[in-house]
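**Student:** Below are the chains, spelled out letter by letter.
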Amino acid sequence: MADKKYIVGIFDDEDDVMHAIGNIRGNGVKIHEVFTPYPVHGLDLALGYDRPRMGVAAFLFGITGTSLAFLLTFWTLGVDWPMNIGGKNFFPFPTNIPIVFELTVLLAAYGMSFTFFFMEGLGPTVKPVIFDPRSTDDKFVMAIDLGKNKSSEGDITELLKGNGATEVNIKEI
Amino acid sequence: MQVVSPIREHLVTGGKTYHDVTEDICRHVESKPTKEWKIAFIISVVVLIYGASWVLWTWWEGLGVWGLNKTVGWAWDITNFVWWVGIGHAGTLISAILLLFRQKWRTSINRAAEAMTIFAVLCAASFILMHMGRPWLAYWALPLPNTFGSLWVNFNSPLVWDVFAISTYFSVSCLFWYIGMVPDLATIRDRATGIRKSIYGALSLGWTGGAKSWARYEDVSLILAGLSTPLVLSVHTIVSFDFATSVIPGWHTTIFPPYFVAGAIFSGFAMVQNLMLVTRVVYKLEDYITIEHIGLMNKIITVTGSIVGVAYITEFFIAFYSGVQYESYAFLNRATGPLWWSYAAMMTCNVLSPQIFWFKSLRENIVVSFVIAVVVNIGMWFERFVIIVTSLHRDYLPSSWTYFTPRMGDIGDYIFSFGFFFTLFFLFSKYLPVINMAEVKSVLKSSSEKTTEEKEVSAH
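Sequences listed follow chains A and B, in order.
Take 0 as the starting number for the first sequence in numbering that gives the first Met the number 0 and just add one per residue.
Take 0 as the starting number for the second sequence in numbering that gives the first Met the number 0 and just add one per residue.
Chain B with its partners taken away, still in its complex shape (with noise of 0.2 Å):
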């Protein structure tokens, strides 16, 4: 019998029983959409469609739809890239790592953090495609022969890392994703009738819960957990080798994977964070997402905003400590020079705002929470814009100095992610289960407020 100290918080609250947690979670797949949710759900593909018709542009006309020139050849479209990679860290982070780590707390969070992650993971796949100029031939990417008229891909370049690197952790995370929702899946077929009954029996693939599946499921998702650890940690280490690999001054610099990897563990949770404030409310699930998940996410985020926070200020030492007055000038120009407002927005928003989570009642207040969560995402956005930006904008050669403006091709693409991520991520919060029921079925009996209380009355 496992006794839980009454010192610590709740991970479930209001007496909640199994049959309890069954009803809250399957009544929003199984009632009809809400007039809130179709309002959001209308605005979201208003915007995708919007954004489409400018990614179709951008298509059809070329990259000159952007505002890339001679000198910066590359901008809010790789920026976009690696905030939505960073962005879909978290959810495998939190159902992997903390799984490892027996963190009973993820069990409300991890299934929405997972299809976060997976839709954001889409949305930078969009910016891979829309690199390409000519996305009929993505194909290319892909290991083929000569007889598709070039060479191998050369294995020896960062970006192919990546499409191998993007490929794995996408089709990984949504085999991780879906493995977690198969016997939740059934418990919504158990109570379906008619054509739902037909369409959750075929998603939940003949689930019953039955001792011996279970022993084996929970042996392949701890092992899953373990494959995705590392790959985790190496899909974002392979997006900074894009610029790590490079010989360009700003970018050659061996702390990027790790710094990479913190920031994306960084935004990521920032935007768990937004998502889980506003479903617990729309959703009625503050039982289950309760201020002690707020307060360990927020922990998380003042972590991960620190280390990045280590991370800037050791890449200034090094550049001056490198005596290399090319990397000197790089960092310089990126604090002080023309685009030293985005410096000023990455260091204000990523390393000063989350300070302020110290403090245990800003930490655990829902609006302040939410705010800085935007904040920070905001942050992330200008660090990478910082880092492939003014890393280019002043290269080797003074007469082809210049600044960067964006066009309405750069922003276009931009609201076209925004879309197509919160339509997908409405479409999930309506038809699958927002929260593994499973999970927090078996932590309810050590850890929800109705069962410590019936210990410690037995106790006396």
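Only chain A is shown next, with the shape it has when bound in the complex (with noise of 0.2 Å):
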């Protein structure tokens, strides 16, 4: 992989890396992603993300959930062996939505989380890239990748510093 260099930029508090993010974007520079100790709320919007669809994963696996949990218990007591329990139906709905309810909500849980994982990249072995190992301690590190920049490594640091950056280091990966 070709060496990438990024300039780090560390604050102190979520609203000075808050205020920072308008005034860097603002300026043209593209920031390459934010690190922070604890979910900062508005940081994906101020960084431009999209609002997350996590929802969406867990819809789609929920309904397959009650889909199989439906096809299950309809399949083995109502046309593989149908038991005649006290005269009822062979296959009376009520007393299936037990059943239907705790797979969708199983299959939801895990699909959305494996789809998370996934999107994020997440496993057992991935050895992640750490520009600040203090951004899961106390610090708010802002990472700008200077490739992808048009402004000079210094402008960049002085803009930094002065939106509140207590500390501007370089990273080369």
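No lab work stands behind these hints, which were simulated from the structure alone.
Positions of the beta carbon are idealized from the N, C-alpha and C atoms, including for glycine.
Honestly, I wouldn't trust all of these hints.
Below, a sample of chain B positions facing chain A; criterion: calculated Cβ distance under 7 Å [stated by the list, open to error]: (1) L150; (2) T167; (3) I222.
Could you use the hints to bring the two separately framed chains together as a complex?
**Tutor:** Written out as structure tokens, the structure is:
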């Protein structure tokens, strides 16, 4: 992989970083990503990301669960081996609601979570690129890819410092 | 900018910074086990081994080692199962329902409560395996085809619903707990060195905390909470169907689902209260689990205890109002029959004892909270015992009326579940972060003592 050079700005407070994002993007500088120790609300929108749509995955997996559970109970008790239980219907719908509900929830929860792991590239063998290890502790870390920006290293450093970054480092990957 | 009224109590006291939060929580994971922890852990393991020998004996010898008889065919085994499942409701309630209600005080207690939930459900599941007598055939409860020697499972049976409900609840709770822990495991990874770095590195799945990841993560958490909320309510509803769909007087009541769910939240919060009161002292987390948290927990205990009380009285009234003599007798026998003492214990522990929390001084007293939480869990165990045994021991045929006395098999199996529960809890409290650091940090700015003081100063 070709060496990439990043400028890493370190901020001490969520309000500083939020404020800086607006100014930096306003100056036409593209931000690679901002790493925070906890979810900062509105950060994704400030960076111009779309709203997450994990609900779509949950819905699709959920509806798959509903259908599979329905098929399972209907086929086993209604088609494959119908049993006469107290002279009732072979497939009484209300008594199948618990199973259908549980399998819907199970598939929706697991399907969505594994979609999330997949989309984020998360897994036990993943070696993450960590711009600054303090970003999981108490710092708000902004990474700017030099190769994707026209501004010079010095300009971006100045811009970061002028917008409240307490530290600016260079990181090559 | 969020402004919090100064009247509201601080969720985090002691002027903590983000880094302090990391230090305070990671310290226990990173340091060597303390002497107290080792002693407590060894005691739990000894209890576990002692109990496990009884469980093995139960499987070797058969269910005859229990005190069951021809009339009372279900007693401590199912009582313990329902009790543990009930306790296992608090974690998901705290993390899911309180998340949906945006109750920020949940952040300090949700991690430990969810862990407790998972361990309690495992204890409950162990009683299902004990019930089976031949646990190596447990897979017969799964929908397997006829070639295995029997028909398909009966999907109309509440016992099959139980299999699905408990296993779904367990799996989804584990997932919710684990996903919630990923960012904190990454924090530990970034501080660790050597072999610990690789272990926590693998566990944290390569989490970096980018803005995109957090946005999706928050979305996932919210949807999981939305899925878990009906799930947690469905689980105890289905457990109550084990009784409610039968035709035994005293069990065949439509009030069971909501009444069981309220009771489950009640006992679960009591268990969380017990564990948190000990954890906050042992791990010196008084700044995170404050008196405010204890008071809020006690309020929920009082509310759910009162709901349960109303359910007891309603049941009694309906038994009389129904005009069914068997139903009326079942309830009269509960309160005044030979097992009256268990009914009295249930009423006193569950309905009367939490009422002292109407007084603020008692609600915010640590010793009183601990004692009442223990009393509540004793009461909730008796509730299940009352429902199950008193409804069975005097059946339709007076010549078969009998009394239930537990034998060592019943007691030993119950002891096993305590050993199992505490062994797992001690392992969790040593090797994983007991408080959700990321979530505590996210409320620090709006609700900590330090920042609100700063805001007040800057406002002048």
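**Student:** If a hint holds in the structure, say so; if it does not, say that too.
**Tutor:** Hint check:
1. L150: The hint holds - L150/B has a Cβ within 7 Å of chain A, the shortest such distance being about 6 Å.
2. T167: holds, 4 Å
3. I222: holds, 5 Å
Of the numbered hints stated above, none is contradicted by the structure.
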